[in-house]
Amino acid sequence: MLRPKPEWLKPLFPWEQKEIKVNGRTMAYIDEGEPTGRPVLLLSGNPTWGFLYRDFIKPLVEAGFRAVAPDWVGCGYSDHPRVDAALTFAHHIADLVSLLDQLRLRGFVIVGQDWGGPQGVGAALQRVERLSAMVLMNTWLFTGYVGRFHSSPRPWTTWHAPLIGQFFMKRHKVLSHHGPEAVSRRGMTAKEARAYHHVFDEPDSDHVVLTWPRTIPLRKEDRGWGDMEVIEKRLPELAKIPTLLLWAPEDNVFPIEYANRLKELLPHAEGPVLFDRAAHFLQDDRGPDLASAVVAFLRRSLKEGK
Amino acid sequence: MNFITPSPEELSFLRADPLLCEQELDVRPEVAEAIAWAANLRCGRVYWRSGHDHLYALELGDLGKGKPSTAMVYGFWDRYEPRPPEHEIDGDLMDFLLWVAKISGSMKAEDVSRTAQHAGIRAAWPEGSVLRTPEDRFADLPGFPYKPRYEEVEGLRMAYVEEGRGDPILMLHGEPTWGYLYRRMIPPLAQIGRVLVPDLIGFGRSDKPKADPAYSYKSHVRWVRKFIAALDLRKITLVCQDWGGAIGLRVLAQEPERFSRLVAMNTGIGPGLNPGPGFMQWRFFSQRVGEMDVPLLMRNTVLRRKLSNAEAAAYGAPFPSAEYQTAALIFPRLVPIRPDHPGAYDNRVAMEKLRTLNLPVLLPWADKDPITGPWEAALRSLFKKVAPPLTIKGAGHFLQEDAGEEIAGHIRSWMETHQVPGGES
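Going line by line, the protein sequences match chains A and B. Residue numbers for the first sequence follow my numbering, so the first one is 1 and each next one is one higher. Residue numbers for the second sequence follow my numbering, so the first one is 1001 and each next one is one higher.
You may find that some hints are simply not true.
Sample of chain B residues at the chain A side, in silico, Cβ under 7 Å [as the list claims (entries may be wrong)]:
(1) Arg-1028
(2) Glu-1030
(3) Ala-1032
(4) Ala-1071
(5) Leu-1093
(6) Asp-1111
(7) Val-1112
(8) Arg-1114
(9) Thr-1115
(10) Ala-1119
(11) Ile-1121
(12) Leu-1131
(13) Leu-1357
(14) Leu-1359
By construction, these hints were calculated from the structure, which means they are not laboratory data. Bear in mind the structure is a predicted one, so any value in this text is a computation, not a measurement. Note that beta-carbon positions come from the ideal geometry of N, C-alpha and C, so glycine has one too.
Taking the hints into account, I'd like the entire structure generated from these sequences.
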């Protein structure tokens, strides 16, 4: 059984999350809309969960789609393993593949931001016959380009370093307890900020907040390099998949250079369509606008939806 | 980083608390290698003692790669006691991580400290965690006209009075009093030296952290040692009673080169044995009351004279309410009464050191003190150059209050016959 949600969260997040066992661990997910509707997978990244997509659910369902928003294992209301080895890039991909299989999702759409991009695309590549469209927002799918944020000593490579990372990310929860709020462009209410970080209240429950940064492939020896390279090499297989790039250029983490590089690798993609007044968590800053853009794109490219 | 090897005995009284855990040292391998190189370690533990005297260890594990594969940092705390305040641990970890950054070659210590600053991580007492007794509680104290001076120790304000010139005469009070206890001894001793009377943290006009874990035998020793270092006192004549001795004797054992004479009164340093029925009764009583009526306690304990209402009230001045008494309420349970009691091991180490010292010792002792009265012989046996017994007849535990001038007179004449080589006085 999933952990019960606190009362204060319910007005902000009215959906009942379902649970499913993926690779021996519990994954929580929202599943709203007609079961026959085209499944749209809403994939978040570090350190967020399904809550990030709260403005997407209603518009998608009203347009006739089936909105599926899983919490990655290690995040949100899913299990929070304390072991690095249970939270690798490959694990996350395999967990999503397991969800795709168990829910028998066909003709699904991937909507991904941050780690939702590579992990979503990584899973989609395993079931590429069933993939029908992709929306990528402030993410990346490649090695070989490292922006200023990920290469700068403050705070990124310091947060990252052996033992020093444990101090900042685990002992002081600088990212899990402050990340989304700190970069919010819209200005978050205290309850919204709490909605993001209350899932990491339990000590040591935020392991993923450190394994993810350490998976970012900056150098060949890094944990995520091999898996990211596999994804990058297989991108040509997605040449016929309708793809939309939605971008918040004010994001420090994935500035516009990342969109340009994605566009080179996926030249058929629409966009990048730029959204100002938004930073890294653009779904939170500009949720309704992004949701309409996604709905319009799916209607246009898949010729369906109400 | 100064790595040490703690004794197995010391470790047996502590528990290892994992603070930073790296399951896989694959990120920034050059940093991990630099750590292993600097610690001269591939697999196993190195230990160090922090600026708070806490023991820490770095443990590297080798999973067969020929280089460290895992890393843990442990803090070692008294085996069954809550750990010290979190900001102390933060400060100690930051010191270690700054060292890591410095030796890494690829990182800068400044980036680590600025990242911490930016994240609002301050190795300091959190807002509202420390009480300060309002000044007006100390207005018009009978016989105590001295203006307080202050020294900052670990972010806490430590109050003291200073009178006279010359070599320092450092007078340390104990439970549950403050510098006021020494007021009858200050004028006569200020004629022959620089009298310094600090209030222990949690007492008198000094700051009072609210939370229990702030107070340990070790933290009191540390605060006094840092107070002495801040004023850079040397050639000290230490005058102490009760906890003032329990603490002062440990500081003396740690930094004997700063001290030239010792006057210990109705106090002791124990190896962790039952200190006798008088103390055990006091301990039992004190741990159950929840609030101490300090003026009443002083009235009942001062035997040779009658405390005036104003004098008794002066002893209660530091404590406007029970909230201010954390340190006083805790003190009796910090006295090591079992061999494995927190502080017992450190006391045994200190006692070994004290046995080797050659400084002259005077032990004025009250004969009507049911608690520390019986401890004189044990303390006397530690020292080589100890003066013949000096009984303060009819005095109780707070002999400075019973016979302050008399004791000061004894100290003066004893000091004259035990001059410090090269001293001013």
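Taking the hints in turn, this is what the structure says about them:
1. Arg-1028: holds, 5 Å
2. Glu-1030: Where the cut-off is 7 Å and the nearest Cβ of chain A is about 10 Å from Glu-1030/B, the hint is violated.
3. Ala-1032: OK, holds: Ala-1032/B within 7 Å of chain A, min 5 Å.
4. Ala-1071: It holds, given that the least Cβ distance between Ala-1071/B and chain A is near 6 Å, below 7 Å.
5. Leu-1093: holds, 6 Å
6. Asp-1111: holds, 4 Å
7. Val-1112: holds, 6 Å
8. Arg-1114: Because about 6 Å separates Arg-1114/B from the closest Cβ in chain A, which is inside the 7 Å limit, the hint holds.
9. Thr-1115: holds, 5 Å
10. Ala-1119: Hint holds; Ala-1119/B Cβ to chain A Cβ min 4 Å, cut 7 Å.
11. Ile-1121: holds, 6 Å
12. Leu-1131: This hint is violated: Leu-1131/B lies away from chain A, its Cβ roughly 26 Å from the closest one there, beyond 7 Å.
13. Leu-1357: violated, 40 Å
14. Leu-1359: violated, 43 Å
Figure legend: structure checked against the earlier numbered hints; hints not met, in rising order: 2, 12, 13, 14.
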